[in-house]
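Chemist: For reference, the chains in residue letters:
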Amino acid sequence: MTVQRPLDVLHNSLESPVIVGLKGGREYRGTLKGYDMHINIVLQNADELKDGKPVRRLGLVIIRGDNVVFISP
Amino acid sequence: MTVQRPLDVLHNSLESPVIVGLKGGREYRGTLKGYDMHINIVLQNADELKDGKPVRRLGLVIIRGDNVVFISP
Amino acid sequence: MTVQRPLDVLHNSLESPVIVGLKGGREYRGTLKGYDMHINIVLQNADELKDGKPVRRLGLVIIRGDNVVFISP
Amino acid sequence: MTVQRPLDVLHNSLESPVIVGLKGGREYRGTLKGYDMHINIVLQNADELKDGKPVRRLGLVIIRGDNVVFISP
Amino acid sequence: MTVQRPLDVLHNSLESPVIVGLKGGREYRGTLKGYDMHINIVLQNADELKDGKPVRRLGLVIIRGDNVVFISP
Amino acid sequence: MTVQRPLDVLHNSLESPVIVGLKGGREYRGTLKGYDMHINIVLQNADELKDGKPVRRLGLVIIRGDNVVFISP
Amino acid sequence: MTVQRPLDVLHNSLESPVIVGLKGGREYRGTLKGYDMHINIVLQNADELKDGKPVRRLGLVIIRGDNVVFISP
Numbered sequence: 001m002t003v004q005r006p007l008d009v010l011h012n013s014l015e016s017p018v019i020v021g022l023k024g025g026r027e028y029r030g031t032l033k034g035y036d037m038h039i040n041i042v043l044q045n046a047d048e049l050k051d052g053k054p055v056r057r058l059g060l061v062i063i064r065g066d067n068v069v070f071i072s073p
Numbered sequence: 074m075t076v077q078r079p080l081d082v083l084h085n086s087l088e089s090p091v092i093v094g095l096k097g098g099r100e101y102r103g104t105l106k107g108y109d110m111h112i113n114i115v116l117q118n119a120d121e122l123k124d125g126k127p128v129r130r131l132g133l134v135i136i137r138g139d140n141v142v143f144i145s146p
Numbered sequence: 147m148t149v150q151r152p153l154d155v156l157h158n159s160l161e162s163p164v165i166v167g168l169k170g171g172r173e174y175r176g177t178l179k180g181y182d183m184h185i186n187i188v189l190q191n192a193d194e195l196k197d198g199k200p201v202r203r204l205g206l207v208i209i210r211g212d213n214v215v216f217i218s219p
Numbered sequence: 220m221t222v223q224r225p226l227d228v229l230h231n232s233l234e235s236p237v238i239v240g241l242k243g244g245r246e247y248r249g250t251l252k253g254y255d256m257h258i259n260i261v262l263q264n265a266d267e268l269k270d271g272k273p274v275r276r277l278g279l280v281i282i283r284g285d286n287v288v289f290i291s292p
Numbered sequence: 293m294t295v296q297r298p299l300d301v302l303h304n305s306l307e308s309p310v311i312v313g314l315k316g317g318r319e320y321r322g323t324l325k326g327y328d329m330h331i332n333i334v335l336q337n338a339d340e341l342k343d344g345k346p347v348r349r350l351g352l353v354i355i356r357g358d359n360v361v362f363i364s365p
Numbered sequence: 366m367t368v369q370r371p372l373d374v375l376h377n378s379l380e381s382p383v384i385v386g387l388k389g390g391r392e393y394r395g396t397l398k399g400y401d402m403h404i405n406i407v408l409q410n411a412d413e414l415k416d417g418k419p420v421r422r423l424g425l426v427i428i429r430g431d432n433v434v435f436i437s438p
Numbered sequence: 439m440t441v442q443r444p445l446d447v448l449h450n451s452l453e454s455p456v457i458v459g460l461k462g463g464r465e466y467r468g469t470l471k472g473y474d475m476h477i478n479i480v481l482q483n484a485d486e487l488k489d490g491k492p493v494r495r496l497g498l499v500i501i502r503g504d505n506v507v508f509i510s511p
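Chains as they are written, first to last, in the numbering used here: chain A, 1 to 73; chain B, 74 to 146; chain C, 147 to 219; chain D, 220 to 292; chain E, 293 to 365; chain F, 366 to 438; chain G, 439 to 511.
Derived from the structure by calculation, the hints contain no laboratory data. Any given hint might turn out to be false.
Below, a list of computed lysine to any residue pairs in the SDA-like style, where the Cα atoms sit at most 20 Å apart [stated by the list, open to error]:
no., chain 1, residue 1, chain 2, residue 2
1, G, Lys461, D, Gly243
2, A, Lys53, E, Gly317
3, B, Lys126, B, Thr104
4, A, Lys23, B, Gly97
5, F, Lys418, F, Asn377
6, F, Lys418, F, His403
7, F, Lys415, D, Glu246
8, F, Lys415, G, Gly463
9, D, Lys242, D, Asp270
10, F, Lys415, D, Gly243
11, C, Lys169, B, Asp139
12, D, Lys269, F, Arg422
13, G, Lys488, G, Gly472
14, D, Lys269, D, Pro292
15, B, Lys96, C, Ser159
16, D, Lys242, F, Glu413
17, A, Lys53, A, Asn12
18, E, Lys315, B, Gly97
19, F, Lys415, D, Arg245
20, E, Lys345, E, Gly317
21, C, Lys199, D, Glu267
22, G, Lys488, E, Leu341
23, C, Lys169, B, Gly98
24, D, Lys242, C, Gly211
25, A, Lys23, B, Glu121
26, D, Lys242, F, Arg394
27, D, Lys269, D, Ile238
28, D, Lys242, F, Ile384
29, G, Lys461, E, Arg318
30, F, Lys415, F, Val374
31, A, Lys23, G, Asp504
32, B, Lys96, B, Thr75
Between beta-carbon pairs, the in silico distance windows are [unchecked claim]:
no., chain 1, residue 1, chain 2, residue 2, range
33, A, Asp8, D, Asn264, 48 to 56 Å
34, B, Gly132, G, Val441, 33 to 41 Å
35, C, Glu161, A, Lys50, 45 to 53 Å
36, D, Arg224, F, Arg421, 38 to 46 Å
37, C, Gly205, D, Lys272, 32 to 40 Å
38, C, Asp197, B, His111, 49 to 57 Å
39, F, Arg370, D, Asn264, 51 to 59 Å
40, D, Val274, E, Asn337, 53 to 61 Å
Since the model is a prediction, treat every value here as computed from it, not as a measurement. We treat Cβ as the ideally placed atom computed from N, Cα and C, and that holds for glycine.
Throw the hints in and build the complete structure from the sequences for me.
Modeler: In structure tokens, the structure reads:
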């Protein structure tokens, strides 16, 4: 049985749209441009979402991994 | 007496359906595709649950271990 | 005077019923099947408790140590 | 001037009654049987206290250091 | 596929205006003058924002990375 | 310009009365008997304070550094 | 482009008045006398502030870095 390492799955999502859910419920949607081993995330063309709808355009954004709950490609 | 190491139990649950409970009460259900030593988790065909019922389809999702309370195969 | 190391006390509770109290007040009861040095815990035949009464059967469950407040054999 | 190292003070309290205060206000009273460098604590004959009065008998209990606010011999 | 490392993106934003979002919702806007690997941040001509509007002038400010949710150039 | 290292300032306060402020607002007053590099603290003749007034006598107390906000000699 | 390292900016503020903002909103104002790599801070002639006004004189105070949100010289 092969294990899909979380960072490998992240790597395979580069240049793809992802949703990033944060502690407290905030979510961001954008194109995954980068990450590091702390799961710090770089999104491009990012929007902040509320109830799934964009409420604010952030463009390029670095999200600190410490706040990340989930990333869904 | 043999100790069942938590990561070994996770390993034995690969490709099986699991429920992942997070801080704050959110839960996800899906097929366990991967994990790492921080208990970062990869689920496939994941649903977000509320009161045990699916409220949102996430599909593939990486969950940061820092938020995980429990994993139940 | 001999010190009883917390992990040794855990080890001596293997295969015994324990109650695990988590941050936020949730509690689990089950048979202690395993643990590691982060106090990640494996319970078998686990129930989630509310006010001391089982409210949900989880069966096999891995609890992340980070959330554990106490373990009582 | 001699420094009393916190872990030495804990060591000197072995086999003595202590009160352990946790984050969120819960307190436990019992006989200190052990500890480790993370200030994980082993109490025997432990009671959970509310407003200083026992509300629940836990007996033997391992408390994860991460939750400990204070220990008072 | 090239990964844009979060710290590299930060580096490329030096001397540019950025918005820094913190846990709890506070935001700061200023010129990014520095950072380190913990994502501690130095802003110049920084304003504290509420609902996107400046409510307080801080000037030079060091923000501890532990509190940072996102940085948007 | 000489830097006063926080642990040196603590060391110079040994045997002196200090106030220790914790997360959540609790404060303790007592004689500083010891500390370690995690800023775990040993107080003697310690009182718990509310609005600056003693509400509970703890005597000897070990305070886990993780909870400490400030120490004022 | 030169990076201003956060700890260097702190160093340059030694002996100067600073405002230190903490998690939960408390702020302290005083003369920066010292710090260490955890951003533990030593202030002299420190006041606790509420809505920007001094509400309590602490004098010499050691602030644990873990609680610091920002430092503004």
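Chemist: It remains to establish, for every hint, whether it holds in the given structure.
Modeler: Here's how the hints hold up against the structure:
1. Simply put, lysine 461 of chain G and glycine 243 of chain D have alpha-carbon atoms about 17 Å apart, close enough for the 20 Å limit, and the pair holds.
2. Only pairs whose Cα atoms come within 20 Å are accepted, and lysine 53 of chain A paired with glycine 317 of chain E is accepted, the gap being roughly 19 Å.
3. Taking the CA atoms of lysine 126 of chain B and threonine 104 of chain B, the gap is near 16 Å; set against the 20 Å cutoff, the hint holds.
4. At most 20 Å may separate the alpha-carbon atoms for a hinted pair to count; lysine 23 of chain A and glycine 97 of chain B meet this at roughly 9 Å.
5. At most 20 Å may separate the alpha-carbon atoms for a hinted pair to count; lysine 418 of chain F and asparagine 377 of chain F exceed this at roughly 26 Å.
6. Proximity of lysine 418 of chain F to histidine 403 of chain F is assessed by CA-CA distance (about 28 Å); at most 20 Å being required, the pair is judged violated.
7. For the hint linking lysine 415 of chain F to glutamate 246 of chain D, the alpha-carbon distance of about 18 Å falls within 20 Å, and the restraint holds.
8. Between lysine 415 of chain F and glycine 463 of chain G the alpha-carbon distance is near 19 Å, which keeps this suggested pair within the 20 Å criterion.
9. Only pairs whose Cα atoms come within 20 Å are accepted, and lysine 242 of chain D paired with aspartate 270 of chain D is accepted, the gap being roughly 15 Å.
10. Distance check on the hinted pair: lysine 415 of chain F and glycine 243 of chain D sit about 16 Å apart at the alpha-carbon level, within 20 Å; holds.
11. At roughly 14 Å between alpha-carbon atoms, lysine 169 of chain C and aspartate 139 of chain B fall within 20 Å of each other, so this suggested pair holds.
12. For the given pair, lysine 269 of chain D sits about 17 Å from arginine 422 of chain F by alpha-carbon distance, which is consistent with the 20 Å threshold.
13. This hinted pair does not check out: lysine 488 of chain G and glycine 472 of chain G have alpha carbons roughly 23 Å apart, beyond 20 Å.
14. The hinted pair formed by lysine 269 of chain D and proline 292 of chain D meets the criterion: a straight-line CA distance of about 18 Å does not exceed 20 Å.
15. Taking the CA atoms of lysine 96 of chain B and serine 159 of chain C, the gap is about 26 Å. The hint is violated against a cut of 20 Å.
16. The hinted pair formed by lysine 242 of chain D and glutamate 413 of chain F meets the criterion: a straight-line CA distance of about 15 Å does not exceed 20 Å.
17. Taking the CA atoms of lysine 53 of chain A and asparagine 12 of chain A, the gap is about 26 Å. The hint is violated against a cut of 20 Å.
18. For the proposed pair lysine 315 of chain E and glycine 97 of chain B, the alpha carbon gap of about 16 Å is at most 20 Å, so the pair holds.
19. In summary, the hint linking lysine 415 of chain F to arginine 245 of chain D is supported, as the alpha carbons are separated by about 17 Å, within the 20 Å threshold.
20. At roughly 13 Å between alpha-carbon atoms, lysine 345 of chain E and glycine 317 of chain E fall within 20 Å of each other, so this suggested pair holds.
21. With a C-alpha separation of about 17 Å, the suggested pairing of lysine 199 of chain C with glutamate 267 of chain D holds against the 20 Å cut-off.
22. This hinted pair checks out: lysine 488 of chain G and leucine 341 of chain E have alpha carbons roughly 18 Å apart, not beyond 20 Å.
23. At most 20 Å may separate the alpha-carbon atoms for a hinted pair to count; lysine 169 of chain C and glycine 98 of chain B meet this at roughly 12 Å.
24. Simply put, lysine 242 of chain D and glycine 211 of chain C have alpha-carbon atoms about 16 Å apart, close enough for the 20 Å limit, and the pair holds.
25. Using a Cα cut-off of 20 Å, the hinted pair lysine 23 of chain A and glutamate 121 of chain B holds, with the two alpha carbons roughly 15 Å apart.
26. At roughly 19 Å between alpha-carbon atoms, lysine 242 of chain D and arginine 394 of chain F fall within 20 Å of each other, so this suggested pair holds.
27. In summary, the hint linking lysine 269 of chain D to isoleucine 238 of chain D is supported, as the alpha carbons are separated by about 12 Å, within the 20 Å threshold.
28. About 19 Å separates the Cα atoms of lysine 242 of chain D and isoleucine 384 of chain F, which keeps this hinted pair within 20 Å; it holds.
29. Restraint check for lysine 461 of chain G and arginine 318 of chain E: the C-alpha separation of about 11 Å stays at or below 20 Å, so the hint holds.
30. A threshold of 20 Å between alpha carbons decides the hint, and for lysine 415 of chain F with valine 374 of chain F the separation of about 26 Å lies outside it, so the pair is violated.
31. For the hint pairing lysine 23 of chain A with aspartate 504 of chain G, the CA-to-CA distance comes to about 19 Å; that is within 20 Å, so the pair holds.
32. For the suggested pair lysine 96 of chain B and threonine 75 of chain B, the alpha carbons sit about 30 Å apart, so the restraint of at most 20 Å is broken.
33. Between aspartate 8 of chain A and asparagine 264 of chain D, the C-beta spacing of about 50 Å keeps the proposed range 48 to 56 Å intact.
34. For glycine 132 of chain B and valine 441 of chain G, the Cβ-Cβ distance of about 40 Å falls inside the hinted range of 33 to 41 Å, so the restraint holds.
35. For the pair glutamate 161 of chain C and lysine 50 of chain A, the supplied restraint of 45 to 53 Å holds, since their beta-carbon distance comes to about 49 Å.
36. One distance hint, 38 to 46 Å for the beta-carbon pair arginine 224 of chain D and arginine 421 of chain F, is violated here, with the actual separation near 25 Å.
37. Checking the proposed 32 to 40 Å range against glycine 205 of chain C and lysine 272 of chain D shows it holds: the Cβ atoms sit about 36 Å from each other.
38. Our hint of 49 to 57 Å for aspartate 197 of chain C and histidine 111 of chain B is violated, since their Cβ atoms are close to 33 Å apart.
39. The hinted window of 51 to 59 Å between arginine 370 of chain F and asparagine 264 of chain D is violated, with their beta carbons roughly 42 Å apart.
40. A hinted range of 53 to 61 Å for the beta carbons of valine 274 of chain D and asparagine 337 of chain E is consistent with their spacing of about 55 Å.
In summary, the numbered hints that this structure violates are 5, 6, 13, 15, 17, 30, 32, 36, 38 and 39.
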